[in-house]
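Residue-level listing of the chains:
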Amino acid sequence: MFPSRFEYVAPRSLEEALSTLAGRGDEAKVLAGGQSLIPLLKLRFASPALIVDLNRVPGLSYLEESDGHLRIGALARNRDVVASQTLEAGYPTIAAAAPLVSDPIVRNLGTVAGSLAHADPAGDWGSVMLALGAEVTVRSASGDRTIPVADFLVDTFTTSLEPTEVITEIRVPKPEGSSGGTYLKLERKVGDFATVAVAVQLALDDGRIGRAGIALTAVGPKNIQAIDAERSLAGAEPTPESFQEAARLAADAASPISDVRGSADYKRAVVRTFVQRGLDRALELARAS
Amino acid sequence: MAVTEHEIAGVGHSIKRKEDARFIQGKGTYVDDISLPGMLHMAILRSPLAHARIVSIDAERAQALPGVVAVVTGELLGQHNLAWMPTMSGDTQAVFATDKVRFQGQEVAAVVAEDAYTAHDALELIDVEYDPLPAVVDPKKALEPDAPIIRDDKDDQADNRCYRWETGDKSATDRAFEQADVVVSLDTFYPRCHPSPLETCGIVADVNPVTGKATLHMTSQAPHAHRTVFALVAGLPEQNIQIKTPDIGGGFGNKVPVYPGYVAATAASLLLGKPVKWVEDRSENLISTGFARDYHMHGELAMKRDGTMLALRVHLLSDNGAFFADAQPTKVKAGLFHIVTGSYDLPAAHVSAEGAYTNKAPGGVAYRCSFRVTEASYMIERLVQNAAYELGMDPAELRRKNFIAPDKFPYESVTGFVYDSGNYEAAMDLALEKVGYKELRDEQKRLREDGKLLGIGMASFTEVVGAGPAKDYDILGLKMFDSAELRVHPTGKAILKIGVQTQGQGHETTFAQIVASELGIPPEDILVQYGDTDNVPYGMGTYASRSTPTAGAATAMISRKLRDKAKKIAAHTLEVSEDDLEWETGRFFVKGAPDKAATIQDVAFAAYTNHPEDLEAGLEGSHYYNPPNMTYPFGTYVVVVEIDEGTGEWKVRRVVAVDDCGVRINPMIVEGQLHGGLAEGFAIAAMQLISFDEDGNCIGSNFTDYLLPTSWETPNFETFATVTPSPHHPFGAKGVGESATVGSPAAYVNAVVDALAHLGVRNLEMPVTPARVWEALQEARSGS
Ligand SMILES: Cc1cc2nc3c(=O)[nH]c(=O)nc-3n(C[C@H](O)[C@H](O)[C@H](O)COP(=O)(O)OP(=O)(O)OC[C@H]3O[C@@H](n4cnc5c(N)ncnc54)[C@H](O)[C@@H]3O)c2cc1C
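Protein sequences appear in the order of chains A and B. If you count by our numbering, then the first sequence holds residues 1086 to 1374, one letter each, in order. If you count by our numbering, then the second sequence holds residues 3 to 786, one letter each, in order.
No lab work stands behind these hints, which were simulated from the structure alone. Here the structure is a predicted model, which means the values were calculated and not measured. Possibly wrong hints are sitting among the right ones.
List of simulated lysine-lysine pairs, DSS-like, C-alpha gap at most 30 angstroms [to be verified]:
id	chain 1	residue 1	chain 2	residue 2
1	A	1127	B	29
2	B	593	B	569
3	B	653	B	447
4	B	454	B	436
5	B	593	B	570
6	A	1274	B	593
7	B	156	B	481
8	B	481	B	246
9	B	593	B	473
10	B	454	A	1274
11	A	1127	B	276
12	B	410	B	172
13	A	1274	B	436
14	B	172	B	142
Looking at chain A on its own, in the form it has when it is part of the complex (with noise of 0.2 angstroms):
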């Protein structure tokens, strides 16, 4: 590959990485398992003048559990969550999009958060992280903050980031109660993006539908929070119908472009059949929860 001409820098501690980009952020990328940066490099999409590495430092590739939470690192990788133990049966949805991302080669460097950085439409985190209700904690060199990840995604390949921020932390709050969900994705080979995907979270109060998270990838500018769908079912009973015209909502929320992958039209028609499989698999978990 022959990119533009940048400089690189690899810190040893994130105070390190933080005070290069307070003094140097606008020209600056941050670097974490490249899978979305390397190609942009490659193409000469993107010339920053500054490359920070953040491999080197230290405390980031964490994967666990704690004060009611899943928290995720920022250089915990694809793989290291595809091979966790503990999300099968606490965070199935994000069990099932693992193995979904890309391919191996892809997972054993690309990580969560720099998936949800680069806020591609058709990356898989946002989506699982939307439905699931996370938080996503940056730091400055001034502070930290805490955002919602529907705060956070604001278009396409942008993010609520500034630059002289980095991601530290993904923080999914542990699904309460009997809950389930799932991720559905069609792609034309593995390795692809989504041609379409959705997440689907759900919880059960005394038998009806409690938090219900419905999110949708590759069909809009961003990934989608189906928000219509997801009240729908909130309070309601989950029956057949139920879950139909949560899907039909859904695929209202989507606003997907005709493209080689197939039309607008056939797009939401896959957001529905995923929406209603999701809900029927999700339903399942969560009575055997």
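Given chain A, put chain B with the ligand in place with the hints provided.
Only chain B with the ligand this time, still in chain A's reference frame:
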């Protein structure tokens, strides 16, 4: 002790590939591995527009960048008469655009620099002013009278038509259609796809400024033909051009043409007196080098009510891109598409073809295919299935009724091919038996009652490969013979030099096995060489499944010639007359006294130490083989698919492939070739497409858009064989490298169509994406 045929592992033995050890251990050498002292690096500036007049090219800023040695433009090349070059179809192609750019990605200029980074940096500093012209993207529109003319560089070109061609008997065909009870037609598009070898194209051009000798290390499937083209293009004396093709990381037809980058790097080396390396990146390979297919086809089949085929009529429109750069024999314009009558005994046929220039990359290369056989096979096999639906017959039975019968070979087809041998029914029956055809049809019926979709598709293809007989086949006048030179050393070890060029086919193994069978020297004692034009005899290279039919035959013939000589030497050393000797693989022995024998190794030693006085010393020779005919491999593929109505996804449940390529040299290598081809056929059917927007921007310029299936989605293949030897090949072999790419796309598509056939669906265009299946379902369901 006698060396037995088994121990020498000749033809018929699945020995491991000799070349694999170095590839597996990373010890192969590809063009990009070559680094010469003082070597410079070239990068190419490409047009961002599909059609535009070049107003000016200003290279001053690029030239000024430290590390830049030279900027090469079309104007500079023009001063050396190198701005244009001939294509393999007798057209011309711009090396670097001077007047206009004619496709997005076209070569406009190049930077030669001390390192590749600087070369790429400097590309951004070349200022090209373009005056955009309307892009012609649709070949049908290209042929409309008011279409902008793309090839205004050609004096005799008043429109965008690049050829017209027809064959067969039009009036006989028309008469047959008048008498038909049933006519079935199909309009279909075989989309533009790309061979996309994992190694892209490249060259290290090394012209010695003192001797003038040009040593060109390049990715070439046809080094000798390229040497001659270079001699003709550059006016270099041919003895001063050495093309050395090292290991090739896949070719699939993509490395048959001569590309502008090769010419520019050679010119740069010539002008600068230093070696120049150019290796294209993935996107450059996908957007500018030889694409494949892009045929819009209309076929009609005339039949009697009982299913007897009467005639076939096909018209095709090819989209050739900006330059007619198909690689094909001189006498044809649409390759060997006229094999479109396929496996069927058709009394009449007519094929008409026309080609259009468009503002797209040139190519039309035979992607793992013998000159457009793939498109032909796809057309007839799709048409036959639709005909079966129309007649209410089972598709297998309709095929059976019309197959060319085994006793009709050699069979002369109405479009002029003489099929050498075949037994189509046997291959189909084996496939049907292995897949459990009857049970599947029953299951399909049951599932349909439950609203579930199962499809069974097949293709019974016939190919025409091994070009070819000199009387009919040449490229740019060069006859399509091939060659082998065999040198047996005194210790009984040998070097075989062949005119064909392996790119993964396993020649180092299979060609050694041919010698092993014919001469009794074990394959491990034979070094097979190719690819260096100073070292190996002239040949036309490897594509169109031609290596075994041509150079493989030459290898057998030279081995036999040397065996005849060896017999004389054996008679001399054993002090008997030649008539008293008998041959068994590896040794001569005296009739009636089998212990009195000379092994081939004994004879080889004697050839240099104790040869008869009336015989030349040595055991060496070469043979140029002019095949008497093409070979016609065939087979039946059956594909079973299941469809998810909610998403339109189709999953392959079974692929059963029966191939008949005559005698198999190394059955394991044959299977490997078939697996690769079945995977590529699946890719084409399911996911591959180079497409363009209306401005001529290429969509599909990298591997996130142009998809290569992985082992995850590639179906499991069940392969089987029947063996019907070629009667004219020295040991009965036919080409097989391309059978599966040629035959399988129709089988996959037929399977998906079959799943929806009861709903009235008759066509799905490749790539058969889930979206297309879903849309066909919506349409069918809303119509019914
Ligand atoms: C072939 C291929 C297929 C892929 N398929 C999929 C897929 O199917 N689904 C999917 O979701 N993704 C896919 N991806 C993207 C992949 O998941 C990326 O790894 C991910 O999107 C980015 O993570 P990264 O760690 O590699 O980030 P990088 O590439 O290193 O960075 C991406 C962006 O995020 C910024 N960034 C990274 N980390 C931080 C941080 N801690 N704080 C602030 N900014 C940061 C960088 O500055 C950069 O702008 C694919 C990638 C490839 C190459």
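Status of each hint after checking the structure:
no. : hint           : verdict
1   : A:1127 - B:29  : holds, 27 angstroms
2   : B:593 - B:569  : holds, 13 angstroms
3   : B:653 - B:447  : holds, 18 angstroms
4   : B:454 - B:436  : holds, 24 angstroms
5   : B:593 - B:570  : holds, 15 angstroms
6   : A:1274 - B:593 : violated, 64 angstroms
7   : B:156 - B:481  : holds, 28 angstroms
8   : B:481 - B:246  : holds, 22 angstroms
9   : B:593 - B:473  : violated, 43 angstroms
10  : B:454 - A:1274 : holds, 24 angstroms
11  : A:1127 - B:276 : holds, 28 angstroms
12  : B:410 - B:172  : holds, 24 angstroms
13  : A:1274 - B:436 : holds, 28 angstroms
14  : B:172 - B:142  : holds, 23 angstroms
Hints 6, 9 from the list above are not met by this structure, while the remaining hints are.
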